[in-house]
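**Q** Could you use the hints to bring the two separately framed chains together as a complex?
Protein sequence lines correspond, in order, to chains A and B.
Under my numbering, think of the first position of the first sequence as 1, with each following residue one higher.
Under my numbering, think of the first position of the second sequence as 1, with each following residue one higher.
Don't take each hint at face value.
Listed next, with one range per pair, are the computed distances between beta-carbon atoms [to be verified]: (1) Gly-28/A <-> Lys-74/B: 45 to 53 Å; (2) Trp-77/A <-> Val-566/B: 32 to 40 Å; (3) Val-583/B <-> Gly-15/A: 47 to 55 Å; (4) Glu-543/B <-> Ser-4/A: 42 to 50 Å.
To be clear, the hints were calculated from the coordinates, so they are not data collected in a lab.
Predicted model only: the values in this text are computed from it and were never measured.
From the three backbone atoms N, C-alpha and C, an ideal C-beta is built for every residue, glycine too.
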Amino acid sequence: MAFSIPMVIVTLFWGFVGGVVPWFIPKGPNRGVVITMLVLTAVCCYLFWLIAILSQLNPLFGPALSNDTIWYLQFHWR
Amino acid sequence: MDSFFRSEEMCLVQLFFQTESAHNCINELGHLGLVQFKDLNPGTVAFQRRFVKEVKKCEEMERILRFLENEVVKSNIPIPADFTSETIPVPRDVLDLESRFDKLEQELKEINSNRDTLRQNFTQLMEINHLLKVFDAFLFYPHDRFVAGVIKHERFPAFEKILWRLFHGNFVLRHAEIKPHEEENMDPVKKDVFVVFVQGDQIRGKIRKLCDGFHASMYPCPNNAYARKEMRTNVNTRIEDLRLVLKRTEEFRETTLTAAAANLQEWASKVKKMKAIYYTLNLCNIDITQKLIVAEIWCPVSDLNSVHTALIHGSEQSGSSLSPVVNRIQTQQTPPTFNRVTSFTSGFQSIIDAYGVGNYQEINPAVHCFDCNVSYPSLQLIDMLVDGRYIIFLMGLFSIYTGLIYNDCFSKSFNVFGSSWSVRPMFHPHGPWTNDTLHDSGHLHLDPLVSGVYSGNPYPFGVDPIWNIASNKLSFLNSYKMKMSVIMGVAHMLFGVTLSLVNYINLKDVALQFIPEVIFMLSLFGYLIFLILYKWCVVMKSESAPSILLLFINMMLFDYSSEGTVLYRTQKPVQIFLVVVAVLMVPWLLFAKPLLLYRKHKQLKFLSLLFCLSLFFGVKKAFVSLQVSMADIFVYQGIHTIEYCLGCISNTASYLRLWALSLAHAELSEVLWKMVLQVALRVTSGMGSVLLAVTFAAFAVLTVTILLVMEGLSAFLHALRLHWVEFQNKFYKGSGYKFTPLSFDRMRDMQ
Chain A
1 MAFSIPMVIV TLFWGFVGGV VPWFIPKGPN RGVVITMLVL TAVCCYLFWL IAILSQLNPL
61 FGPALSNDTI WYLQFHWR
Chain B
1 MDSFFRSEEM CLVQLFFQTE SAHNCINELG HLGLVQFKDL NPGTVAFQRR FVKEVKKCEE
61 MERILRFLEN EVVKSNIPIP ADFTSETIPV PRDVLDLESR FDKLEQELKE INSNRDTLRQ
121 NFTQLMEINH LLKVFDAFLF YPHDRFVAGV IKHERFPAFE KILWRLFHGN FVLRHAEIKP
181 HEEENMDPVK KDVFVVFVQG DQIRGKIRKL CDGFHASMYP CPNNAYARKE MRTNVNTRIE
241 DLRLVLKRTE EFRETTLTAA AANLQEWASK VKKMKAIYYT LNLCNIDITQ KLIVAEIWCP
301 VSDLNSVHTA LIHGSEQSGS SLSPVVNRIQ TQQTPPTFNR VTSFTSGFQS IIDAYGVGNY
361 QEINPAVHCF DCNVSYPSLQ LIDMLVDGRY IIFLMGLFSI YTGLIYNDCF SKSFNVFGSS
421 WSVRPMFHPH GPWTNDTLHD SGHLHLDPLV SGVYSGNPYP FGVDPIWNIA SNKLSFLNSY
481 KMKMSVIMGV AHMLFGVTLS LVNYINLKDV ALQFIPEVIF MLSLFGYLIF LILYKWCVVM
541 KSESAPSILL LFINMMLFDY SSEGTVLYRT QKPVQIFLVV VAVLMVPWLL FAKPLLLYRK
601 HKQLKFLSLL FCLSLFFGVK KAFVSLQVSM ADIFVYQGIH TIEYCLGCIS NTASYLRLWA
661 LSLAHAELSE VLWKMVLQVA LRVTSGMGSV LLAVTFAAFA VLTVTILLVM EGLSAFLHAL
721 RLHWVEFQNK FYKGSGYKFT PLSFDRMRDM Q
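Here chain B stands alone, though its shape is the one from the complex (with noise of 0.2 Å):
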C-alpha cells in the first residue's frame, strides 16, 4: 500500500556471471522487465566499446529487415502477425541470420533488377507494335525520309511547335494516341507515336537529335509492307515469350516474398533483443580473463528474490555449471524513481511525471490528482480528450455534483425542498408593500430584515432556486463563489504544505522550514478565512457589515482610523498580534537553515583543520569549497523564502480562477437557454414545433461543443495547473530521475 505513496525502496546490486551465460541471463532480466543497468564505463565513447561491432551488424540486419518489409508491403502480401517461438538469442545466431540476411537482400536485388530490365524491354516492344500498327496509314507522302518513334504524350505539342519553328513546314507529322490494352498496362504514362516525313539526310538528323531532347524513343521502320509485317509477327511473337518470363520472374519474386514474410516478425524481434543484449553488455565490465563480467543493477528491494530466479534459470539454461552471484552493495548514490502503478493509476502518474519525475522516496502527488477530479464546473462538463477513461468518468460525477450544488442545471434550478425566501410577507400588513408599490416600479428587493421573508434556516442542499430568478443574482453568486475559492485555495495549499511535512521526516529537518511556513500561512490566510466564516455566521446589519477585503487591506498597513471596521471586539489586538507573528516567520524561515549548517560546516572544519594541519593544500581546498557552498545555501534559502511568502498571496489570488471560470461557464449556459432554447419555446403558432426541433438541434450542437468540450477541456487544464503550480510549489521538487528497466515488453509496445 505504501508503494503508491512514495516512490519504491530500490537496491543497487553486484552481478557476477560467465561469459557463456551472459546472453540467456540477460535474457531473461530482459523478460522480466525489473532491473536497469548502471553504465560502468561512462568515460568511453560509444565506437570504443567491446561490443560496437556486434551492435553495428544488428543495425545492419535491421536495415535489410526494413528493406525486406518494404518489398512485402509493396507486393501486397500479409504479415502473419502472430509468432509464438521465443527461442533465446545466443552469439552463433547472429552470424547464422546476417548471413541469411545478405542472401536474401542480394536475391531481393536482383530480382527486382532483372524485373525491370524486363519491363523496359516489354514496353519498347509494345511501342514498336503500336507503331507498326499505325504506320501504314500514314504511308503515302513523297518523303522518302522519315523518322519514327514514341513520344510522351503531354510533350508533343511542345515538340511539334519546335519542328514548325526549326523547318517552316518542309516536313509532314503524323501522330496518334497509344491507347492502352486492359491488362498489360505497365506503364501508366500515356504516349503517343508519331512519324515526321521529311526530304534530305541532314534534317533527318537534325529531327534526330531533337528527338534525343525531347526523351522520345526513335525505332527504326522498314520502308515495305512486307518487311513491316514480317518485323509485327518477329515483335508479337517476343512479346508474347517476355509475358511468359515476366509472369514467372513476378511469381518467383512472391515466393521469395512470403516465404521471407513468414519469418519477419520472429526475425525482428530476435535482432531487436539481440541489440538490446549487446548494448547492455556494453554497459558492463568484463575482468581480465575474459571469463567474468561484472555488472551493476538498480533494482526494486522487493523484487531481489525474482531477479535471482531469473538468473539462475538463465545460466542454468545456457549449460554453464556456475551460478551467478548477487551482491547487494551500499552506496550514496541517488538511486532511480520508480513508482509501480496499475492500469488505473498510471493515467494519474503520467500527468505528475509531465511535470517532474519525483525524487527518489519524495511523497507521490498522483494520490492527489484524484483531487483534481473534484472540480468546479457546472453540470455541462464531462467530455474529454484525456486518456484514462476513468478521469472522464470522474470528473463528470463531480461535475453532476457541482451542479446540484449550484442549483444550475442548463441555467434552471430545481426547488426540490421549498425556497427559504417568501413574497408574501413583504406586502401589508406585514411589510411595506402594497400593491401601488408593484405598479411603481419593475424591480423589487426583498427585505431580509422584515420578519417572515427569509425563513431564517437556509436552503438545505445547494443555492437557493429564488436566486435563479432574481435579477441581482450575480451579486449574491459572485460573493459566494469567490469566497469559495479562496477558501478551498487556502485548504489546498494547506495540504500540499502539511505534505511536505512527510518529505521532512525523511530529511529531519521540520522545526526549521515547516513550522515558520505553517504559521506563516495560518496568521495571515487562516485568519482570512476566519473572518469570511464569522461574517457568514453573525448576524448583523447590512448597513454595518465591513467589506472582508478592506479589513484584510487594513489590517497589512495597520490602519485602524476609519469608523465600523470591528467584526468583534477584540479585533485589532488580535489582527495586530497575527501581522507581528507573520512577519516575524521570514527571518526565521531565512536564516534558521543556513546559519545551522555553517554552524555545523565550521565544526567539520575545525576538525578537518586538525586532521590534515600538515596539508596546507588540504586546508585551503576545504576552506574554498566551505565558502562557495554556503553562498549557496543563502541564496537558496532567501529564493525559496521570496518564493513562498510571495507565493502565498499570489496563488491564494490565483484560486480565484475558480470562480471566474464558473461565472463564465454559468453565463455561456445562461446565453444558450435564453437567447437559442427560450426563443424557440416561446413561439405560439403552429410551425412552433419544427422551429423547435431545428433550434433544439442548434442548442445540442453548441452544448456539446462549447460547454462540454470546450470548457471540459478549460477546466481540466486550470485544475492541474492549479496542482503543478499552487499546489506541487509547497512540496515536490520533482528532479528525480525515472527508472527505466530493461524490459523486452516495452521495447515491443513502444513499436
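If we strip away everything but chain A, and leave its shape as in the complex, we get (with noise of 0.2 Å):
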C-alpha cells in the first residue's frame, strides 16, 4: 500500500508532464521545441526516479551500521 502511493503521484505527475502540459502551450515558433523538452524531460526524471525506487524495492543485503549510530537509532528512531 505504501508502495503504490509514492508510484502512482510520481507517474501521474510525470504523465502529467509529459503527456498533458504540451497540449497546452500556445502556437509559435518554439512550439515544436518546448513540447520536445517537456517530453523530454518527463521520460529522463521518471525512468531515474523510478530506477531508484525499484532498485531498493527487495534488498539483498542492508547496511552495516557502528555501535554509536545504531545505539542512537535504536532509541530515537521509531
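**A** Put into C-alpha cells, the structure is as follows:
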C-alpha cells in the first residue's frame, strides 16, 4: 500500500508534465522545441526516479552501521 | 514547427536581371540575408574572373581605410560609432571613393613626413641650445681644439672608455646630462652633452670619426663668448618659430583626421558591401550582349516570396524598366543544410554543428541535446563556461533533481519521509542481537530477512537516508549506479536507433537496416535490462541470487553447467533463443542491402546492355563502373555492421562513465565535508568559531573551483561525448554543408 502511493503520484506527475502540458503550449515558433523539452524531461526524470525506487524494493543486504549509530537509532527512531 | 527537427527544404532558383540593376538587386538580397549564390564559374581562377579589377580596387581602398584608422587611433581621436546612412553603393561610387581615398592618403603621408622633419629639426635646435648653455662652464682649458656634441646617455660610458684606450688621457672630456624641460620633451631618449678638448687637428679628426661611429651628433661651437651668445639668441628665435610651425602642423593634421574619422565607419561599410557585391557578381554569368546577368541561388522554399519582393524593389531603385525573373529549377544536386534557429536554440545547434553539419533534411539531433542537460552529477554542479545562459540554468535544475534522488547534499542526506530501515527489530526478543553483541563488534549488518527491519516499502523519493550513515554505503550505491547507467545507456541508444527510422522513411530502406539493428540490440541488451529489472522486482534470498554479469557472460558462452544460475524457470531456452536470433541478425545486416542493390544494378545493366549493344565502349565502361561500386557498397556495409554490433557492446560499457563520474563527485564532496568542515565543527574550545570561519572560507573556495567548475565542465564534456559518439552514431551522418547566405548583417557582426 505504502509503495503504490508514491508510485501513483510520481507517475501521474510526470505523466502530466510529459503528456498533458504539451497540449496547452501556445502556438508559436518555439512550440515544437518546448514540447520536445517537456517530453524529454518527463521521460528522463521519471526513469531516474523509477530506477531509484525499484533498486530498493527487495534489498539483498542491509546497511552496516557502527555501534554508536545503532545505539542512537535504537532510541531516537521509531 | 517542423523546422527544428530537420533542416529546411531548399530550392535552386535561377535569377535573371539587368546589368544596371545588378548592384541594387544584390544589395537588397544581401540585406535580406536568405540566399546563397552558387558559383557558376567553378573552373576559372581568381584572377581570370570578370570583376577582379574592381575587387582589387576595393581591397586597396580597405588598405587605405585601415591606414587611416591607425592614424586616427594613434592621435586619440574618437571615432563616432553610429552611422545611419544606408546608401546603396553603385559603381560610380567606387571611382569617387577611390579618388578621395587616394587624395587623403597622399595628404596624410605628406603631413606625417613634414611633421617628422620638423620634429627632427626641433630636437637638433634644442640640443644646440643645451650645448651652448653648458659650454661656458667648461671652457677654461688650455687645449685649443675641441669637439662638441650630443650623445645618447647609455652610450656615454663606452664612448669614454674607447677615448681613453685610443688617446691614453691626451684629452679632456666633459659631459653633462640634458635635463628635459617639461612640455618640450619631443625626444624620450636621455641624452648627454659632451665636449672633448684636445691638442692637434689629427686627434680631432679621429675623434670626429669616433663620434660618427657612436651616432653622436656634433655641432660646431664658436670659440669666443660673444659669438656663442649671438648663436644662442639665433637658436632661440629659431626654436620659437619652429614651435609655432609644429603647432600649426599638428592642428592641421588633427583637423584632417577628425574629418576623415567622421566618415570612417560609413566608408568602411560601403567598401565592404561593394567588395561583397563584386565577389558575388564574379560568381554569376554574364551573357553575350553584356546586358543580362544570370545567377543561381539556393534559398529556403518558404522565403521565395521575400526574395522576389526584394529583387523587384532593387530593380525599381535602379530605375530599370524590366523586373528580374525568378525561375525555380529542379536539380539532383544536394542542397546546403539550413537550420533556422532562435537565440535560445542557436547554442544547441552550434554544439551539433561542431560535430558535423547535418545532411540535407537529416533529422537534427540538436533537439535531443536538451537531453544533455539531464546529466547525472550531484547537487553541486552548476557553473560553466558555455555561451548559452539557458544551458547553465537547465543543467543546474537537473543537478538539483539528481541530488534529491541520490539524497546527497554536500554529502549529507535528508530524511523527509522516514527511513524504511529500523534498528529496533534487530534486538531481542525480535531479532538476533543483544547488548553484548554491540560490545563485541564495531560494525553490525542489518538483516533484511528479520521481519520489521526492512519495512517492505522503499523510500518514496530517492535513496534511503540510512545508506548515508552506513559503512557499506558504496556496496549498495555502486551496484545501483552501475545498473542505472546501463539502463539509461541502452534506453538512449534505442532512442537513437529509433530516430534513424525517421531518416529511413525519407529514403525508404527500413527493413534492410533498421529492423535487424533493433532486434540485435533488444535481444541482447534489452534482455540485460530485463534481467536487471527482474532481479530488482522479485524477492529472493541473497545466497541464491545469481550475479547478472555472470548470467550474461554464461548466456553468450552457452554455459549452463554451474548450479544456481537461473533466475526464473524457463531461462535456458529463452536465452538460447535470444542469442541465436542476435547472431542471425548479423548476416542480415551485412548482406541484405548490398545484395538487393546488386540485383537492382544487374537489372539496370541488362537494360543498358540492350540499349547500347552497338557501342562496345559503353558496355565495357558500364560494366567496369558496376564492379567498382559494388565492392564499395559491400565494404561500406561490412564496416557499418561491424561498427554497429561491436559498438553495441562497447557503447553500453561506455555509459558506465556516468557511474564513475557520480562516484568521483560523491567522494570529493564527502572528503570536503569530513576533512575540511567537520574538523572545524568538532572543535569545542572558544576559538572554534574563528577556526570555523576560516575553514568555511577554504571549504567554499574548494567547492566552487573543484566541484562546480571542474566537475561541471567534466560532466558537460562526458555528456557531450555520449551524445556525439554513442547516441549520434546510431543515426546521424553529419556530412552536409552549411547554408552560408550573402548577408550584410552577418558580415558586420563578424567584424
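**Q** Which of the numbered hints are not met once you compare them with the structure shown?
**A** The structure conflicts with hints 3, 4, although it agrees with all the remaining ones.
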